[in-house]
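Which chain is which? The protein sequence lines are A and B, in order. Final position of the first sequence in our numbering is 228; the numbers increase by one with none missing. Final position of the second sequence in our numbering is 1298; the numbers increase by one with none missing.
Hints are computed from structural coordinates only; laboratory data are not their basis. Please note that a few of the clues may not be correct.
[Claimed, not checked] So, partial list: chain A residues that the calculated Cβ filter (under 10 Å) puts toward chain B:
1. D71
2. W72
3. F85
4. K89
5. E108
6. P110
The C-beta atom is built at its ideal place from N, Cα and C for all residues, glycine as well.
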Amino acid sequence: MIEMHDVWKVYPNGIEALRGIDVKVDQGEFVYIVGPSGAGKSSFIKLMYREEKPTHGVVLINGVNVKRVRDWKIPYVRRRIGVVFQDYKLLPHLSAYENVAFAMEAVETPKREMKPRVQEVLELVGLGDRMKALPSQLSGGEQQRVSIARAIVNNPTFIIADEPTGNLDPENSWDIMYLLEEINARGTTVVMATHNKEIVNTMRQRVIAIEQGVIVRDELGGEYGYED
Amino acid sequence: MKIETLGRHFREAYRGIMKNSWMSFAAMGTVAVTLLIFGVFLIFAFNINYLTKELDKQLAVRASLQDGMPKAKQVEILNKVKQNPLVKKADLVPKDQGLEEMKKSWGDANFIEGLKSGDQNPLPDIIRIEPSDPKKVKELESQAKSIDGIVATDSGGGVTQTLLGFSGVVRNVILIFGIALSVLAAFLISNTIKLTIIARRKEIEVMRLVGASNWFIRWPFFIEGAFIGVVGAILPIGILLILYQAFFDTVNSGAAYTVIQMMPVTSLGAYLAVSTFVLGAIIGISGSLLSVRKFLKI
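Isolated chain B, as found in the complex (with noise of 0.2 Å):
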């Protein structure tokens, strides 16, 4: 297409949209609040993604030995441990520290230290393993707890699984809302674009009469139906990314030990942006593409 010709097609979608203003305004807000919510879908779907990879790369079973073990049986048993193929990595923390380990990650010390009954701590020596694939951290919780002179184990796997199965809840809801806002949305436009057409049925009969090509009498309409969905992607993407950066702040300045890891949001803008901005344009197209199907006779 020739650059002259593009800039004709935009200055007619100018024209149209400019012609049905309230029609086109309505549209363009329509298409915010449905990608407000597309929006909030988005940044769930995209720090579930993240927490589940910061989750696995923290998973490991942690293995109690038996209270008052001594030092070569533990070394016996962790060099057994790692002979296991499912092992990445095996280390023997013994108790002391791993008061420290606690200490640090609660942040509070005074609490971590009145758990001790008297001089006494209540946490076990443990050999913390590292799966090869955390997929089957599971499997080798069951193969750790079969050796002898291991009495508890503790994966947290458990955790994680509620966690995604929540949020796996919680994300179909906001994508189902979502999928249904965009139908309306994709509706709204298709209805501005009929309205365009309509005004312009005598331009439309005059072009096919002298021969312009299909694509020529089309475009204008595509251009006006992305137009609509991209400039109402950029309230949301505003909206979006200040209310996510207060979140953000406020859950990192609560206690430093929390299970929510978000993503930060000098990584998730770029991905919202851009994937925001391409929902508004598919809508648009998609409301476009409507209309001129069923309306637009070439």
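If we strip away everything but chain A, and leave its shape as in the complex, we get (with noise of 0.2 Å):
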């Protein structure tokens, strides 16, 4: 679960990226976050996975308040999210299993747990047969299912995607939605900021709208409600 009470984030020249948002994230949602870009989305998003500290207010996640949560327990609280971006984010040196495997080996995991929950995962998000192929052999729709992969093999509670279609033609694009549309039906909390009206608009979920910092719009069953 993601609270956030009267939270505020102003950079050191001074913009205010968001000014006292307020809004709870409940386990097993799949929301979207919109909005014109430079209105504070990923910000946002950011402060969500302790990325960014809040300047003024409350950030709850999971129940930690991530300010004041000490800096070597942070890695902690990251541990129960997964995150997957627009550019991936993949090591280009490691096989998609190994890209995997990485996520596992960085939080300590037995060397024999990781290989049969690799596998698994894999095989989750399509890629069973392309395990040993090297990122740069790979589609851009398949390397963001390694990243979504790399996302959710240590179980976290919620997925955090920073616009994970914005490299992805439209086909490539639905299969990442159906993706996190099945890892959401298995109890991952989904938020996702975007710029895919059509992707909004079909799956008709919650969807918050920030402009200028502020929340506008949080509505369940929500449309984009922006022109491209």
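The task is to assemble the complex, starting from two chains supplied on their own in separate frames and drawing on the hints.
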């Protein structure tokens, strides 16, 4: 569960990216974050995985106040969160299997537990037969699948996806959305920032619209609400 | 930390070194030069310490008795000396015994024989006084001098003090050089680690995102720095021990009487190796620490 109470994010250059955000995302929800460029979506997303600290207000991730938690404990908060990016952030010298295993190794999972789990998630994302391929040998859609597999391999309680379909063609975008929907159906919360009007309008999930650092709309089964 | 994780950190550190092999090699070279200078300092310091202890053990006041003094009077003065609480031990050394001892210590009997004028022994009868506290040898000397019948005293303390004073200056100069070079070596290691951090920034970013602990991310960099430091220490240890052994042999093959009493290589070797390895590791880890603090934002 993620909660924000009167959250402000002001950068050192004086820009107020977020102004008095109040929001609550429950376990198992699928939420789209929409809004024009520069509206504060990225800052909102970064607060959720504690890449940024709020300037003012309270951000609770699974009940932990991320502003007060000591720095050395932050990694343990992040282990309950999976993050997916538009540019995949895969390590180019590692295979699909190794990229996913890397996430398990980083949290010191015993080696004997890694292999079955990595194979399981790669099969779940439809890459059971491409495990040995390097990112350069995979299509954009496949790379994003590896990135999603890496995000879910440590069993997070929620996935934060920052424009995961931003670099993909419509067909691949829909494949990724179906995958995220399936992960959500298994009980994982998904929060996704997007500019994809078609996806938001078709999926009809909760939509939070941010403009000039303020939540201007928060509706269940909402629409995108902006022109492309 | 799990053994599996430790193994992974060592592998990653090795990867870092191999990736910037030339830079790592340069850093190891600087550490080696630094530790060579530091090693000279350490050898000097160990030997000064050793020499001071040895000289302290041998420190004694030689109180010369008036020439021609009857034996009974000599014993009376000896008993008077022994009453002084600063005295640990006092013995009468007749002039003939003194000459024999001198022959043995100089190792050149003919030279000593040459000091004799005819059959006359030029040495006086003396009382050799060992102090209970080597630091109070001067005080003991002046008290002995005030006793009637003692015409002159000598403690040799002046030589020790001069030697220690000179050694102190040389030691400080070497120490300053060593510290300056250590800082330089640490900066060079820091630069090498910086390159590794830059080369691995994507991995570090992913590790942060998936929740790797801060120490999990930092460990390979510390191991890399420590490894550069320790490997850089091997060469100077070898060179210093070989040179020291050669110097030791040269000094000890000369005159039997010498004021320089060097620490044996067997005793010095272990101290030198451990100290140099530890110093190498400290320089390496300090270099890593500099870079990790500056460039590794977790």
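Comparing the hints with the structure gives:
With 10 Å as the threshold, the beta carbon of D71 (chain A) comes within range of chain B, its nearest partner Cβ sitting at about 7 Å, so the hint holds. For the restraint placing W72 (chain A) at the interface with chain B, the shortest Cβ-Cβ distance is roughly 6 Å, inside the 10 Å limit, so the hint holds. Satisfaction of the interface hint for F85 (chain A) is found here, the shortest Cβ-Cβ separation to chain B being roughly 9 Å, below the 10 Å cut-off. For the restraint placing K89 (chain A) at the interface with chain B, the shortest Cβ-Cβ distance is roughly 6 Å, inside the 10 Å limit, so the hint holds.
The interface hint given for E108 (chain A) is met, as the beta carbon of that residue sits about 5 Å from the closest beta carbon of chain B, less than 10 Å. With 10 Å as the threshold, the beta carbon of P110 (chain A) comes within range of chain B, its nearest partner Cβ sitting at about 7 Å, so the hint holds.
Every hint, counting from the list given before, is met by this structure.
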